[in-house]
Amino acid sequence: MGLTNLEGMEAIGAGIYKLVSQLYPICRSITGDGFRQSLQLIAQHIPLELHEVPTGTQVFDWTVPKEWNIRDAYIKNPDGEIIVDFRRSNLHVLNYSLPIRRKVSLGELKAHLFSIPEQPDWIPYRTSYYRENWGFCVTHRLLESLDEGEYEVCIDSSLEAGHLTYGEYYLPGQSADEILISCHSCHPSLCNDNVSGMALATFLAKHLGQQSPRYSYRFLFIPVTIGAITWLCLNESQVANIKHGLVVACVGDPGKSTYKKSRRGDAEIDRAAIHVLRHSGLDYEILDFSPYGYDERQYCSPGFNLAVGSLTRTPHGRYPEYHTSADNLDLIKPEYLADSFSKYSTVINILENNRRYLSTNPKCEPQLGKRGLYEAFGGRKKASQHELAMLWILNLSDGDSTLLDIAERSGLCFEIIKYAADALVTHGLLTEYGKHLASKHP
Amino acid sequence: MGLTNLEGMEAIGAGIYKLVSQLYPICRSITGDGFRQSLQLIAQHIPLELHEVPTGTQVFDWTVPKEWNIRDAYIKNPDGEIIVDFRRSNLHVLNYSLPIRRKVSLGELKAHLFSIPEQPDWIPYRTSYYRENWGFCVTHRLLESLDEGEYEVCIDSSLEAGHLTYGEYYLPGQSADEILISCHSCHPSLCNDNVSGMALATFLAKHLGQQSPRYSYRFLFIPVTIGAITWLCLNESQVANIKHGLVVACVGDPGKSTYKKSRRGDAEIDRAAIHVLRHSGLDYEILDFSPYGYDERQYCSPGFNLAVGSLTRTPHGRYPEYHTSADNLDLIKPEYLADSFSKYSTVINILENNRRYLSTNPKCEPQLGKRGLYEAFGGRKKASQHELAMLWILNLSDGDSTLLDIAERSGLCFEIIKYAADALVTHGLLTEYGKHLASKHP
Amino acid sequence: MGLTNLEGMEAIGAGIYKLVSQLYPICRSITGDGFRQSLQLIAQHIPLELHEVPTGTQVFDWTVPKEWNIRDAYIKNPDGEIIVDFRRSNLHVLNYSLPIRRKVSLGELKAHLFSIPEQPDWIPYRTSYYRENWGFCVTHRLLESLDEGEYEVCIDSSLEAGHLTYGEYYLPGQSADEILISCHSCHPSLCNDNVSGMALATFLAKHLGQQSPRYSYRFLFIPVTIGAITWLCLNESQVANIKHGLVVACVGDPGKSTYKKSRRGDAEIDRAAIHVLRHSGLDYEILDFSPYGYDERQYCSPGFNLAVGSLTRTPHGRYPEYHTSADNLDLIKPEYLADSFSKYSTVINILENNRRYLSTNPKCEPQLGKRGLYEAFGGRKKASQHELAMLWILNLSDGDSTLLDIAERSGLCFEIIKYAADALVTHGLLTEYGKHLASKHP
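Protein chains in written order, with this note's numbering: chain L, 162 to 603; chain X, 162 to 603; chain R, 162 to 603.
Next up, chain L with everything else stripped away, as it sits in the complex (with noise of 0.2 Å):
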């Protein structure tokens, strides 16, 4: 399942780029035709499924909000000049602004204008999806320049009625038991959080779909925080299903992966990933659960408490870029973006291999030598990584340890352990725990 050579990585890398730099441009919210739009991008991908929910849902203690959609926007000064516009960069739009098209002193302008006064030639992205508002997003610099006067301000957005849209894929696997991907995908021109996650997961799907794997698959394509309430809501007898989960987001940055545990701290998906992160040869870190971030706040609220937990770059809030205009396509780079896929790729592939075992031969070590497993003169210094793989698997397979668990204590790479399992396997020395169990007892 691993995709390990370089060209293939070359190519995931650039492919993933090039589909963050179509879905850049697009104005998304948490409803809207944005989001459809950015939908549409990913069906050419993956066999996407939209579904529609009507305003006015109720879904645990939320409600799906009116539909909000936007055509143009602008802030001409007391010249006439248009000095502020939406076609130049959709964040300058209050996210979920109301319409609006008046004259405006600068006083009271100035009460709908946000502005970073630190990074003065940055936009930032702010929303007002809950209270109804109207604003403008603008570099400090512009902000700082403005002449008193009479300004003519003009959102053209409708907020009404609709429905609240989220794309979903199931990828039916040998087994009901779920791997959830979720990414939130109603952030409009932010490249790295979550264009970049929208894409990675698209990328994931698609290989995915070229595999037959052990687990069923769903992908969420969501609107952050309502999107995860609603198909929580709405798909409630299926979440007993989801065995483990990653939320994807901010993947494509430079900064050192960066992975949240989920709720309950030591899951499998947990320990898979940190797994992967410790054997990555890179610099990572490790955060523990906390109830704020992205849609792992949904997942992991104790009703629910699923495994789910987040694997990022730099995790929000903590790259300067964040949530501001400088969140675009120079942020990021296809060889980051590859990288973030093959360590979920690679977490994957253990979720997907790590099973318990039985040694055949339990009473001392089986003879490895005779079976042209092990090193023909004795005496050496040390034993090879191999070799050692094979010992351990076979002194550690009484039923209580997984593949995992047996990578975790012998320090060594769980792709080794996996290698050297298949081995024993092939040689008789090692069998399935479950297939072993059902054989004893028909």
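Quick caveat, the hints were computed from the structure, so don't treat them as lab data.
Take these hints with a grain of salt, some might be off.
If we take Cβ atoms under 8 Å as the criterion, some of the chain R residues that face chain L in the derived model are [as the list claims (entries may be wrong)]:
1) Y286
2) S289
3) Y291
4) Q459
5) S462
6) P463
7) G464
8) F465
9) G478
Here are the simulated DSS-like cross-link-like pairs (lysine-lysine), alpha carbons at most 25 Å apart as the crow flies [what the hints assert, rightly or not]:
10) R/K542 with X/K494
11) R/K494 with L/K542
12) X/K227 with R/K524
13) X/K543 with L/K417
14) R/K542 with R/K531
15) X/K417 with R/K543
16) R/K531 with X/K227
17) R/K417 with L/K542
18) L/K404 with L/K367
19) R/K179 with R/K494
20) R/K524 with X/K404
21) X/K404 with X/K367
22) X/K417 with X/K494
23) L/K404 with X/K524
24) L/K524 with R/K227
25) X/K542 with L/K271
26) R/K417 with R/K179
27) R/K543 with X/K271
28) R/K494 with R/K367
29) R/K271 with L/K543
30) L/K271 with X/K543
31) L/K542 with R/K271
32) L/K494 with X/K542
33) R/K227 with L/K531
34) X/K271 with R/K542
35) X/K524 with L/K227
36) L/K417 with X/K542
37) L/K237 with L/K264
38) R/K417 with L/K543
39) X/K531 with L/K227
40) L/K417 with L/K179
For glycine and all other residues, C-beta sits at the position ideal for the given N, C-alpha and C.
Position chains X and R against the provided structure of chain L, taking the given hints into account.
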């Protein structure tokens, strides 16, 4: 229940220091009138009950000793000059000395003198409660200056059948579950150990007496070791009510606050005290339990194993002035007494408020924004501490975690957690765990 | 049971070293007369039982191999000069070499030569037990100097049906529960690995034979791997008696003592050995279990999972002289052998004395002073180690803790704890846990 304003703290510090000054000159021992006189001073602040236990009473493996009283004591040199005078320092007499009045040679005298060669100007504090003897404690400088000749020693004491005295203040709360505050009150003129503890306990009792606390409180002013053993033996049937406890001592010196854990090591009192020190913003130290120290030795004996720790500043034996005449009114300061008082008060505040809650919306987050509990504009880098506290409480309030558990896991201060929990209760998003059960199963 | 006087230790060190010197020159292998001859030397010290297991015996997944014996071996250069001579070092022959006597070209010869390029003056130790072959081990300097031409190789060995030999000494104790001391005894002239282990085990057995220990002891002198497998297979019904065990090897080099944990990781043997190293006052290292090393691999296989660790100095493969001719009588020293012996003896002393006790006064401390167990004068800064040990034992002897538990929690040395426990038993303040139960439930 907190006492956070600066003025209040200054008044408390001054009040405790004043009581220390009044208690300091009295010559206390494990029995006798000095002990009674001290309790009478304390009884001017709180409704203290005095108990008298007759000499010879069997208490577990021990026997209540004879009562000791002293009126005067001195040593006259060969020239008839008083060179050691009990009236100048009650430490001069070996505590529990037999009465004596006779002439002795320098050689015999020296066999009954105690000094500290390393601190030639300080008088040591020594006792001989359980082996009858007589002696004087003197500065090493004096001891070194003594010439051959005949000395007159006089100890005008009595050691006779009488009583062991202790003071007790029981403050009933809403529950019969008790918090025990115990301080040894038998040391003569030693300020930090433990007049400071006696005075702090008095003011804590006074302060709690003005509240209507959840727990009942029991304050014990007892002679060290034999007092705790006596109380435990005579009140064995009530011991099970003690849920938490602290031994108070050495609370006025400039050293960092130190918490010595109960024998259990992870009792709620241990976690509450450690939380307070950790969030104090000041240096602190946590010590594991050991069966050497103050009366926690008895409360934590295996037959009781109470959740009793000890919150001090510099612990016994670790400061040079310990058990010497240098443990005087200069060693302690009102500000340190106030800081210690504040920590005791905060620990108690945690115990009083450390409950378990249930989120009324366990599936996904409730919508805080529509209740005015969450910032209106989205897209910010960080949530406030108050918002984080609410999210943590909602995420962990599944009946398993107390507010202290949540404070520890979130890294937030208990006070912030408690404040946020109250807000969530007010908005119907949280219910107390016990109450919930009660309403569900009437 | 300890052997703490310096003179005794010097004698022990000298005695072990002498036995090493006698065993060192013998050419051992996993079978054959060299092994038998070594056991006969050991049998001069302890009543060793020799076992002979026929070639072809099936032992779990293995088969007892043919017996190997060797009389002579050499290589003659084209000038007819002996350039490699078995009589100068038995390491020169690839252990288990087939008999051969013929002329070979330099090219063919080189395919059968082993050397260490990094250590050009040392002869390596190599074996080929389970794949029939012939070969010589030589210094790299010699290998490099060889000119083209015809060489005469002669190995006067035999590889024929015979027996696998092992030595066993069972010392019955008060209980049928056993402590296993196992050492591989098949290496030829290699001093530290493992003639030092054979000699230390011999002296330990001799020493224990003069006691009447609580545990029974089983000493095994076996060929590595196949010997342990053979013993376990033929004695499977007795394996359950083995409660603790140590694999002895590499006990004479100057390196620090190293303990490799059993597979269980927290067995009593693990805790006892770690305690001894921690309190030795010398540098030491603790290694986690791994299924690579000596015969702990077999004892800790999942079907047995015995509590067997390994106490060595520098472990296998970690010192440059390992498995080379430089592992000679200069590498080891009597003082290191004595130090290792002392550590083995102290570990055994802990296991012999590690019991559970009950305080006869669980409620509060008993009064130690009236029994002469406590310093008469109060007010001191510190208690003595002996007093602390008594307080710890009294505090923790509620039936949950062994003396080793108490030593670990208190930070005191087991010896001090044991000494204090004996004093408390003498004064009736402590009773042995089992005995107490016996008297309570007759």
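Here is what the structure says about each hint:
no. : hint               : result
1   : Y286               : holds (5 Å)
2   : S289               : holds (6 Å)
3   : Y291               : holds (5 Å)
4   : Q459               : holds (5 Å)
5   : S462               : holds (5 Å)
6   : P463               : holds (4 Å)
7   : G464               : holds (3 Å)
8   : F465               : holds (6 Å)
9   : G478               : holds (4 Å)
10  : R/K542 with X/K494 : holds (23 Å)
11  : R/K494 with L/K542 : holds (23 Å)
12  : X/K227 with R/K524 : holds (23 Å)
13  : X/K543 with L/K417 : holds (20 Å)
14  : R/K542 with R/K531 : holds (21 Å)
15  : X/K417 with R/K543 : holds (21 Å)
16  : R/K531 with X/K227 : holds (15 Å)
17  : R/K417 with L/K542 : holds (19 Å)
18  : L/K404 with L/K367 : holds (21 Å)
19  : R/K179 with R/K494 : holds (11 Å)
20  : R/K524 with X/K404 : holds (17 Å)
21  : X/K404 with X/K367 : holds (21 Å)
22  : X/K417 with X/K494 : holds (13 Å)
23  : L/K404 with X/K524 : holds (17 Å)
24  : L/K524 with R/K227 : holds (23 Å)
25  : X/K542 with L/K271 : holds (21 Å)
26  : R/K417 with R/K179 : holds (22 Å)
27  : R/K543 with X/K271 : holds (23 Å)
28  : R/K494 with R/K367 : holds (20 Å)
29  : R/K271 with L/K543 : holds (23 Å)
30  : L/K271 with X/K543 : holds (23 Å)
31  : L/K542 with R/K271 : holds (21 Å)
32  : L/K494 with X/K542 : holds (23 Å)
33  : R/K227 with L/K531 : holds (15 Å)
34  : X/K271 with R/K542 : holds (21 Å)
35  : X/K524 with L/K227 : holds (23 Å)
36  : L/K417 with X/K542 : holds (19 Å)
37  : L/K237 with L/K264 : holds (9 Å)
38  : R/K417 with L/K543 : holds (20 Å)
39  : X/K531 with L/K227 : holds (15 Å)
40  : L/K417 with L/K179 : holds (22 Å)
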